[in-house]
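Got chain A sorted already, so can you dock chains B and C onto it with the hints?
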Amino acid sequence: MNAALGTAGVILALVGSLGAIATLAVGLRGRRTELMRMSRTYSWMVMGGATLAVVAMERALITRDFSLEFVANNGSHATPAIYNFATMWSALEGSILLWGFILAGFTLAVAIKFRKRLDDPLVAWAMLVMFVVCLFFFGLMLGPANPFRVIANPPLDGPGPNPLLQNHVLMAFHPPMLYLGYVGFTVPFAFAIAALATGRLGEGWLIETRRWTLIAWAFLSVGIVLGAWWSHEVLGWGGYWAWDPVENASFLPWLTGTAYLHSVMVQERRGMLRVWNLSLLCATFALTILGTFLTRSGVIDSVHAFSDSTIGPLLLGFFGLIVLVTVGLVGWRGDRLRSPARIDSPASREGAFLLNNIVFAGFAFVVLLGTVFPLISEALTAERVTVGEPYFDRMTMPIGMVLLFLMAVAPVLPWRKASLETLRTRLLWPGWIGTGALAVAVLVGARGFAPLLAFFLAGFAGGSALRQLALATRRQGWRGLVGRTNGGMIVHIGVLLIAVGLAASSSFEVERDARMCVEAAPGCPSTITVSGHEITFLGSTSDITAARRQVGARISIDGQVHEPAIQQFVNGTQQIGKPSVKNTPINSVMLTLTDLPAADGSVAVKVIVQPLVVWLWTGGAVIGIGSIMAAFPGRRRIPTAPVSAPAPIEGPPDGDGPGGGGPGGGSPEGDGPGPAPLSDPDVPDSSSAEPASVGS
Amino acid sequence: MTSTASKGSRSTVGWWPWVLMAVVVVALLAVGSLGGDPPTLEERAQNLEESIRCPSCASQSVANSDAPSAEAVRVLIAERLEAGDSNEEIRDYVASRYPNGRQLLLDPTGEGFGALVWALPVVAVIVAVAALVRRFGDWRPGELQATEEDRDLVAAALARRGEAGADGGNGPDGGSGPYGAPSVDAAGGDES
Amino acid sequence: MGRLPSSRVAAIAVGVVVALLVVLLATREPAADRKSTSQLIGQQAPAIGGEPLLGDPFDIGATDRWVVVNFFASWCVPCVEEHPELVAFSEEHAETGDARVVSVVYSDKEEDVLDFFGRFGGDWTVFDSDQGRTALDWGVARVPESYLVAPTGVVVAWFVSGVTQTELNAVIDRYTQETGS
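Protein chains in written order, with the numbering used here: chain A, 1002 to 1697; chain B, 3 to 194; chain C, -11 to 169.
So here's chain A without its partners, still in its complex pose (with noise of 0.2 Å):
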């Protein structure tokens, strides 16, 4: 029955995607309009398939129905409600399941956004590069990845999901949050191909899908700190991210991503970097399929792979082909993305750009080749090697203060040209204040070079981002916190609450390990004190339920209760230690159990004290927030308004940010209508840079 229905739903939507594919094309060929304005109820057939097929694999779960293999593999009796819901992405097919059911959701969403629009050429192609990556996913859930195949004699009962993936919250969130966004780039790239196709290569396109890369990169960014809080929570041994090749791949797709989120504004306003950009965003679709492969075809040593499967050829085909495909695109119409302007200057916004753009590639080409790079060596000299954390520490540190120190300067640069005298006035504040937080780190007792310069570049990218949005907000009151320049700095201020906390929770770690016993003994204390925290051991506590066997210990940190246990899941022959963690925003302590307690009633704990380890999560939090506030739509604008093209035509009120936009949205010292009623010293240079100033 669920089988019936889930093929069925597949079935559908497959079908849709041909059939829309098959109208698009006719559509296109013969500019036929209302076979055009047809794929929008394909979308939602393509929509109500994967719909169905969700439905009917999560009623398999919910009612435990083992004559499909993936329940039967993934699904037990005893699996928590929360956790059997979460199943469904905990492995191979049902994580493509979910990937297709998110694709159709933006398939559908594209279509209703440009409902009015489903019979111009542009919103056609990209509507049928959607459809052509929904074929090819749906296509797998119907070959190699089937969620529905069924078994002849369904057990009783099944193994549940790996244990890790159930004891913890997170775990129902990160996946799809992390889909969210790796799909969220299907829709940019789908634009950006198609208007390579109809040759309509101006700014119109990219204005079109910046709020649905901006979505994209969002969902992208929380999943991937959400996974590493995960593994901060579960994994107990006080790490966040370890290079592993299947963080690389999702963090890959981000760096591209975030490349092209910036260089994208020096489009919009300058016309320049259009192939750049192009290709950015194809390499971060192409990325994703990529890391898609890496994670599900076995080739390469992932604590995360998924299980083997004879999915890899296809995804890597797929891959092979959306290079190809853009590739021969660029190379095509390469001459007509040419721009006459240029950059006048280095020290300028889009010097800046450019040259976040040069480190941001220079990152990727770094975490990528360390990825690949053992399979490059066993392939030309037989002998394998491993890539681990020092090189990726080692190589990316560098790359990270540089970043900083862009972050620190760019956002005070005016386009075009600086000088001097700008840089000094408006950076001096900022660097004040980086001078402050190093003097603090140094008062506190932090010691070490990178830390500290991390601290130092840190506090001043934090001053600048700071001042832009005071700027912003005394001119414009809460309207000074969105937009995209002002929602981007508050992205930067995320992404440096994360490089600090970083910094200080990877170098100023405390490591302890203690046997501990309730009443003190020789070599067996019953409190320690770790870093000024006091650690005492209360007991033993045991907890079976009938999907586990749980042994703990009651541990009180600075007199709270926490209760690190060892777990052993019925149908696993791994124990699993769930750590305990305190956290604080100064600092966050793990208790994890390293042994079962002992017959004499001690338990072997390991204590690790981390500083600022919060600031992690804060940072993705408020990543996220940024995001939306810069995705906040400001005033209608008119969809196919040429954007690098002279000044708006409504005259003064250009640019409340992005959001509302017109070509002042990128610039931050352009925000103000009109005169500045402030004498602030950086209007009148700034302003004069507007051409709408100038207008008005």
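To be clear, the hints were calculated from the coordinates, so they are not data collected in a lab.
Quick caveat: nothing in here was measured; it's all calculated off a predicted structure.
Glycine is no exception: its CB is placed at the ideal position from the N, C-alpha and C atoms.
Any given hint could turn out to be false.
DEER-style ranges, computed between Cβ atoms [said to hold, decoys possible]: (1) C/F46 to A/F1450: 25 to 35 Å; (2) B/S88 to C/I29: 45 to 55 Å; (3) C/F46 to A/F1174: 54 to 64 Å; (4) A/Q1576 to B/V124: 41 to 51 Å; (5) C/I29 to B/D87: 19 to 29 Å.
Sample of chain C residues facing chain A (criterion: CB under 10 Å; computed from the structure) [said to hold, decoys possible]: (6) V(-3); (7) A(-2); (8) V2; (9) G3; (10) V6; (11) A7; (12) V10; (13) L13; (14) T15; (15) R16; (16) E17; (17) R88; (18) V90; (19) V144.
Just chains B and C, lined up with the frame of chain A:
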């Protein structure tokens, strides 16, 4: 931030506050990073543990794993450091013990083919910077003058602006052509 | 970056690099299938350093018999599964006296080990783990692993995740034929 506003003056800041800041920052960095003792055995052990993969893990380092094999390597590292072995000797010993032991070393050594993974990014950065310098090599600080060509662009853009205003949109080209942007900036960026 | 001399050249260059990457990825076999061999094969067997928990002290260097060195833990399911095979092998060769088994504990508690042998049988020498040193000397990453050491003291075979009586005898037979004839 508030003090920026309260100054209320348009005068630009001279160099002296920056010189002062530079002195303070350098002093603080020096205080914070100099005068450290040579790494203790414990610190060396920690670094070594972070650079060796736990033999039974997929990618976790010995430092981050509670697997028995990681524990064994930790014991070995402590003993060998105590005995006075160098970091490389210990790494080589561990690598010589296990099947495919070189794979346990998390950072490839800078010899042979493995050196490429360190060198390639550096080469890429140099090439990128060189390409940029070649491309924008004629950057001259302080010089920003409109050429005849710029003026033509301005004229063209103004003409286009008129057209765009008339039909309220744009042609199938999706933008107003490549000449839009620079012309505006040329018109507006006249800072003098 | 945006304005290379010709976007076509750049496109071709990118295409070639990516094509190479695709070929590279396509020709890799899955990580799980990669074979590895113990570097001990053909080498003199390392000493076993721990204290015997069960059975007599035993020096692997001073024996003229085949020795199966078995690394195990009581918590390891495949170890439980392979144990009857080792018992059968041990009993088969006890009469002729040409081969014996020794076990080395891997990250386990003494009482659990004693319980393990009490329950599943086996009367050979069992060494404690010597804080993991023995396992490290032999290059054992995860249990069960077994090594077959020839009477000459040279390691001739390595078995991961379980060994059977038949496999052990096959190696011994092949080896004696090769050297005997």
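Structure-based check of each hint:
Checked against the hint of 25 to 35 Å, the C-beta distance between C/F46 and A/F1450 comes to roughly 54 Å, which is inconsistent with it. For B/S88 and C/I29, the Cβ-Cβ distance of about 29 Å falls outside the hinted range of 45 to 55 Å, so the restraint is violated. Between C/F46 and A/F1174 the Cβ separation comes to about 56 Å, which falls inside the hinted range of 54 to 64 Å. A C-beta distance of roughly 44 Å is found between A/Q1576 and B/V124, which places it inside the suggested range of 41 to 51 Å.
Remark: the range hint 19 to 29 Å for C/I29 to B/D87 is upheld by a beta-carbon distance near 26 Å. The interface hint given for C/V(-3) is met, as the beta carbon of that residue sits about 9 Å from the closest beta carbon of chain A, less than 10 Å. Hint status for C/A(-2): holds, given a least beta-carbon distance of 8 Å to chain A, under 10 Å. With its C-beta approaching chain A no nearer than about 6 Å, C/V2 sits inside the 10 Å limit, and its interface hint holds.
At about 4 Å, the closest approach between the beta carbon of C/G3 and any beta carbon in chain A falls short of 10 Å, and the interface hint on this residue holds. A cut of 10 Å between beta carbons decides the hint on C/V6: the least distance to chain A is about 5 Å, and the hint holds. For C/A7, the suggested interface contact is upheld, since its CB lies about 7 Å from the closest CB of chain A, less than 10 Å. Hint on C/V10 holds. Least Cβ distance to chain A is approximately 5 Å, under the 10 Å limit.
Because the smallest distance between the Cβ of C/L13 and any Cβ of chain A comes to about 6 Å, under 10 Å, the interface hint for this residue holds. Among the interface hints, the one on C/T15 holds; its C-beta lies about 7 Å from the nearest C-beta in chain A, closer than the 10 Å criterion. Of the supplied interface hints, the one on C/R16 holds, with its beta-carbon coming within about 5 Å of a beta-carbon of chain A, less than 10 Å. For the restraint placing C/E17 at the interface with chain A, the shortest Cβ-Cβ distance is roughly 8 Å, inside the 10 Å limit, so the hint holds.
With its C-beta approaching chain A no nearer than about 29 Å, C/R88 sits outside the 10 Å limit, and its interface hint is violated. Interface hint status for C/V90: violated, as the beta-carbon distance to the closest one in chain A is roughly 25 Å, over 10 Å. For C/V144, the interface hint is violated, since its Cβ never comes within 10 Å of a Cβ in chain A; the closest pair sits about 25 Å apart.
Against the hints set out earlier in the document, violations occur for numbers 1, 2, 17, 18 and 19.
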